[in-house]
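Residues per chain are reported as follows:
Number of protein chains: 2
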Amino acid sequence: MRKLLVEDLQLGVSPSDIQVVDSGRVIEVLWSDGHLATYPATWLHQRAFNTHKRDLRNNTVRSKPTLWGKELLENLPRASFPELLQDDSALLQFLQQLESHGLVVVSDTPTKLGQLHRLSDRVAYLSRSHYGETFIVESKNDPINLAYTAAKLEMHSDIPSRKYKPCIQMLHCIRQFHGEGGDNQLTDGFQVSHNFRTLHPDKFHILATTPVDFIDIGVEDGRDFFLVNHDPMIRLDINGQIQSVNFNQFSRDSYFRVPVEEVAGWYDAMKTFRDMVNDNQYCIEYKMKDGDILVFDNFRLLHGRKAYTIEGERVLEGGYWEWDDVLSRRRVLQAKLSNE
Amino acid sequence: MRKLLVEDLQLGVSPSDIQVVDSGRVIEVLWSDGHLATYPATWLHQRAFNTHKRDLRNNTVRSKPTLWGKELLENLPRASFPELLQDDSALLQFLQQLESHGLVVVSDTPTKLGQLHRLSDRVAYLSRSHYGETFIVESKNDPINLAYTAAKLEMHSDIPSRKYKPCIQMLHCIRQFHGEGGDNQLTDGFQVSHNFRTLHPDKFHILATTPVDFIDIGVEDGRDFFLVNHDPMIRLDINGQIQSVNFNQFSRDSYFRVPVEEVAGWYDAMKTFRDMVNDNQYCIEYKMKDGDILVFDNFRLLHGRKAYTIEGERVLEGGYWEWDDVLSRRRVLQAKLSNE
Chain P
-8 MRKLLVEDLQ LGVSPSDIQV VDSGRVIEVL WSDGHLATYP ATWLHQRAFN THKRDLRNNT
52 VRSKPTLWGK ELLENLPRAS FPELLQDDSA LLQFLQQLES HGLVVVSDTP TKLGQLHRLS
112 DRVAYLSRSH YGETFIVESK NDPINLAYTA AKLEMHSDIP SRKYKPCIQM LHCIRQFHGE
172 GGDNQLTDGF QVSHNFRTLH PDKFHILATT PVDFIDIGVE DGRDFFLVNH DPMIRLDING
232 QIQSVNFNQF SRDSYFRVPV EEVAGWYDAM KTFRDMVNDN QYCIEYKMKD GDILVFDNFR
292 LLHGRKAYTI EGERVLEGGY WEWDDVLSRR RVLQAKLSNE
Chain L
-8 MRKLLVEDLQ LGVSPSDIQV VDSGRVIEVL WSDGHLATYP ATWLHQRAFN THKRDLRNNT
52 VRSKPTLWGK ELLENLPRAS FPELLQDDSA LLQFLQQLES HGLVVVSDTP TKLGQLHRLS
112 DRVAYLSRSH YGETFIVESK NDPINLAYTA AKLEMHSDIP SRKYKPCIQM LHCIRQFHGE
172 GGDNQLTDGF QVSHNFRTLH PDKFHILATT PVDFIDIGVE DGRDFFLVNH DPMIRLDING
232 QIQSVNFNQF SRDSYFRVPV EEVAGWYDAM KTFRDMVNDN QYCIEYKMKD GDILVFDNFR
292 LLHGRKAYTI EGERVLEGGY WEWDDVLSRR RVLQAKLSNE
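Just so you know, the protein sequences line up as chains P and L, in that order. Take the first sequence: its position 289, counting from 1, is numbered 280 in the numbering used here, and each next residue is one higher. Take the second sequence: its position 33, counting from 1, is numbered 24 in the numbering used here, and each next residue is one higher.
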């Protein structure tokens, strides 16, 4: 941690003498204000102001995503629950796959509640939302959310009604519906947005610059909530890179705070994007088995569910993680395992 | 919640017949696809596409900040802990002040651990970080963070090493240091950034567009963490509005991933900004009393602490909230109390 106070920082100092010592392993600098500092050569090399060192560092902070389409289904990233609990190498590989592909299927999890807590303890902790620390997805009477029915769930990301929407979603399949339906659908929203930008630049611009209201009103655990977030469907960072896809038609509000002449164009752009998200060139279908945990990037992937018919036969436990914690754990494991 | 699937949405429909019924309280629309829909007039009025209705709605979602300087000290927003626990009107006013001024001092809190949990239960829940659900600020041996010493803490925001940095910070003063020092310093970072933009547009541009690395490496509760976030010091939204100030020199990394010719200009801009943050035109000083809780917006305010001398005599408990939950609670209370 940096202890120098900025008030004591002088911008005008320069080296008045430089010595290479300890057979080139250390550089000593006498600064013009009289301060003598020593810098290990490796420390300086790692921090060199050049593209190669910068790329290495970028990768430590966050590796680049590997975009995918339907071909991923033949080679789904997979992990084993018992291994993740015991083996740091397996855990590191799992976290790296989640970072690169935004999706991993974890198998052989015990089919009872509480397993997301066990897996989370290996990573960091569960990130709580207004739906609780974890939540149960099954058909309910008087549901506050379409997820709690047997209906088809259109492709979406979870809870864009939060400015801080959940980063990573886990769905633990405790009991799958054994008839027709209940399959999950998954699309790489970064891949689709990237191609959408090339094919329909004007529509991309509309979706990336028009904020819409996502809303969630209800009661959980006896507590009322009233969440609204005002964000574009495709959120860009200051460099124009795609940061997050906020796609959720059932939580989009009936308020639309734009001039009326922008409404039709926005709907047209959204419908074009929606068709690409559902195109089987991009969208994969995977029906979870009992004991699977689907872990995926909620900033990047869109997920849906095919309708099923008999109520009450499908039970999932869901929970969330934050990227900050997952990346922290990946960096810690990477440093630890590369030193062994 | 919206149940229509986008695949069933037709962009080309238009009204083929419109009737005003129920003495003007309802409009019936027969759409060109044969669907007959009824719309209450009040529902339509609230959603009218005009500036006035949009402003009303904006205010429901999030009210505009009231920027401040040193004059705030004469009129500090205040609340009473016992009242907040019992009185919904007092709680609503507290949340509204936090939203408008980014700062409230809560008094008469019992001087023992666990009070942040009690206050949080009235709002939503504590937002956990890698420092735990709450954390104790006092002088420690072998500190992992400068906050855990008696040293001066330069003005900063908390944990910009998280991409999802904590939104709102609470510091509960259980035992204040009774000698000289230990006062908190607080500056409205939105006010400073706003004036900085006018006075030094080039320097503002540098700070708003150059991402720097904020880092936090350590061990908490036996668990290693390695957090890095790459963000500009002043974060703008897509409309160029100031969203968050990330100012924290002790967690700024020794890696700086920019071309070398940008380094000196960035330091110069940062030092100018730092001087404004510390200028007593903007910065207020407040020494918490035993039983005070300082609650402030960590996206907006910068806070610091004057050094104190004798170790171990100052104990605070700290915790965080998310804006999503605080705004949700404010909207729920506002709707509830305006209906009573």
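One or more hints might be untrue.
You can't tell identical chains apart in this list, so a pair holds if it fits in one copy or across any two.
Cross-link-like lysine-lysine pairs, in silico, DSS-like; alpha carbons within 25 Å at most [claimed, not checked]:
{"hint": "1", "residue 1": "LYS143", "residue 2": "LYS55"}
{"hint": "2", "residue 1": "LYS154", "residue 2": "LYS55"}
{"hint": "3", "residue 1": "LYS103", "residue 2": "LYS61"}
{"hint": "4", "residue 1": "LYS280", "residue 2": "LYS297"}
{"hint": "5", "residue 1": "LYS262", "residue 2": "LYS131"}
{"hint": "6", "residue 1": "LYS262", "residue 2": "LYS297"}
{"hint": "7", "residue 1": "LYS44", "residue 2": "LYS280"}
{"hint": "8", "residue 1": "LYS280", "residue 2": "LYS154"}
{"hint": "9", "residue 1": "LYS131", "residue 2": "LYS61"}
{"hint": "10", "residue 1": "LYS131", "residue 2": "LYS103"}
{"hint": "11", "residue 1": "LYS194", "residue 2": "LYS280"}
{"hint": "12", "residue 1": "LYS(-6)", "residue 2": "LYS55"}
{"hint": "13", "residue 1": "LYS103", "residue 2": "LYS55"}
{"hint": "14", "residue 1": "LYS55", "residue 2": "LYS131"}
{"hint": "15", "residue 1": "LYS262", "residue 2": "LYS(-6)"}
{"hint": "16", "residue 1": "LYS143", "residue 2": "LYS(-6)"}
{"hint": "17", "residue 1": "LYS278", "residue 2": "LYS327"}
{"hint": "18", "residue 1": "LYS61", "residue 2": "LYS44"}
{"hint": "19", "residue 1": "LYS280", "residue 2": "LYS262"}
{"hint": "20", "residue 1": "LYS143", "residue 2": "LYS262"}
{"hint": "21", "residue 1": "LYS154", "residue 2": "LYS44"}
{"hint": "22", "residue 1": "LYS297", "residue 2": "LYS44"}
{"hint": "23", "residue 1": "LYS194", "residue 2": "LYS103"}
{"hint": "24", "residue 1": "LYS327", "residue 2": "LYS44"}
Just so you know, the hints here were simulated from the structure itself, not pulled from any lab data. Quantities reported herein were computed from a predicted structural model and do not represent experimental measurements.
Right, here's what the structure says about each hint:
1. For a Cα distance limit of 25 Å, the shortest separation of LYS143 from LYS55 qualifies neither inside one copy, at 33 Å, nor across copies, at 39 Å.
2. Both within a single protomer and between protomers do LYS154 and LYS55 lie at most 25 Å apart by alpha-carbon distance, with minima of 24 Å and 17 Å respectively.
3. Proximity of LYS103 and LYS61 under a CA criterion of 25 Å is satisfied in neither setting, with 31 Å inside one chain copy and 57 Å between copies.
4. For the homomeric pair LYS280 and LYS297, the shortest alpha-carbon distance inside one copy (15 Å) is at most 25 Å, but the shortest distance between copies (58 Å) is not.
5. In the homo-oligomer, the alpha carbons of LYS262 and LYS131 never lie at most 25 Å apart, since the shortest distance is 30 Å inside one protomer and 57 Å across protomers.
6. In this assembly of identical chains, the alpha carbons of LYS262 and LYS297 lie at most 25 Å apart only when taken from the same copy (19 Å versus 56 Å across copies).
7. For the homomeric pair LYS44 and LYS280, neither the shortest alpha-carbon distance inside one copy (44 Å) nor that between copies (49 Å) is at most 25 Å.
8. In this homomeric assembly, LYS280 and LYS154 never come within 25 Å of each other (Cα to Cα): the closest approach is 33 Å inside a single copy and 34 Å across copies.
9. Taking the closest pair of Cα atoms, LYS131 and LYS61 never come within 25 Å of each other, the shortest separation being 33 Å inside a single copy and 54 Å across copies.
10. For the identical chains of this complex, LYS131 and LYS103 are intra-copy neighbours only, at 19 Å inside a copy versus 42 Å across copies, given an alpha-carbon limit of 25 Å.
11. With identical chains, the CA atoms of LYS194 and LYS280 are never at most 25 Å apart, being 38 Å at best within one copy and 56 Å at best between copies.
12. For the homomeric pair LYS(-6) and LYS55, neither the shortest alpha-carbon distance inside one copy (33 Å) nor that between copies (36 Å) is at most 25 Å.
13. Proximity of LYS103 to LYS55 under the C-alpha cut-off of 25 Å is found in neither arrangement, the shortest distances being 35 Å within a copy and 47 Å between copies.
14. For the identical chains of this complex, LYS55 and LYS131 are neighbours neither inside a copy (40 Å) nor across copies (39 Å), given an alpha-carbon limit of 25 Å.
15. For the identical chains of this complex, LYS262 and LYS(-6) are inter-copy neighbours only, at 16 Å across copies versus 53 Å inside a copy, given an alpha-carbon limit of 25 Å.
16. Proximity of LYS143 and LYS(-6) under a CA criterion of 25 Å is satisfied inter-copy only: 10 Å between copies versus 56 Å inside one chain copy.
17. With identical chains, the CA atoms of LYS278 and LYS327 are never at most 25 Å apart, being 36 Å at best within one copy and 43 Å at best between copies.
18. In this homomeric assembly, LYS61 and LYS44 never come within 25 Å of each other (Cα to Cα): the closest approach is 35 Å inside a single copy and 44 Å across copies.
19. With identical chains, the CA atoms of LYS280 and LYS262 are never at most 25 Å apart, being 32 Å at best within one copy and 57 Å at best between copies.
20. Proximity of LYS143 and LYS262 under a CA criterion of 25 Å is satisfied intra-copy only: 18 Å inside one chain copy versus 55 Å between copies.
21. When the C-alpha separation of LYS154 and LYS44 is checked against a cutoff of 25 Å, the pair qualifies only between copies, where the shortest distance is 22 Å, while the shortest distance within a copy is 34 Å.
22. Proximity of LYS297 and LYS44 under a CA criterion of 25 Å is satisfied in neither setting, with 47 Å inside one chain copy and 38 Å between copies.
23. In the homo-oligomer, the alpha carbons of LYS194 and LYS103 never lie at most 25 Å apart, since the shortest distance is 45 Å inside one protomer and 56 Å across protomers.
24. Taking the shortest alpha-carbon separations for LYS327 and LYS44, only the intra-copy value of 21 Å comes in at or below 25 Å, while the best inter-copy value is 56 Å.
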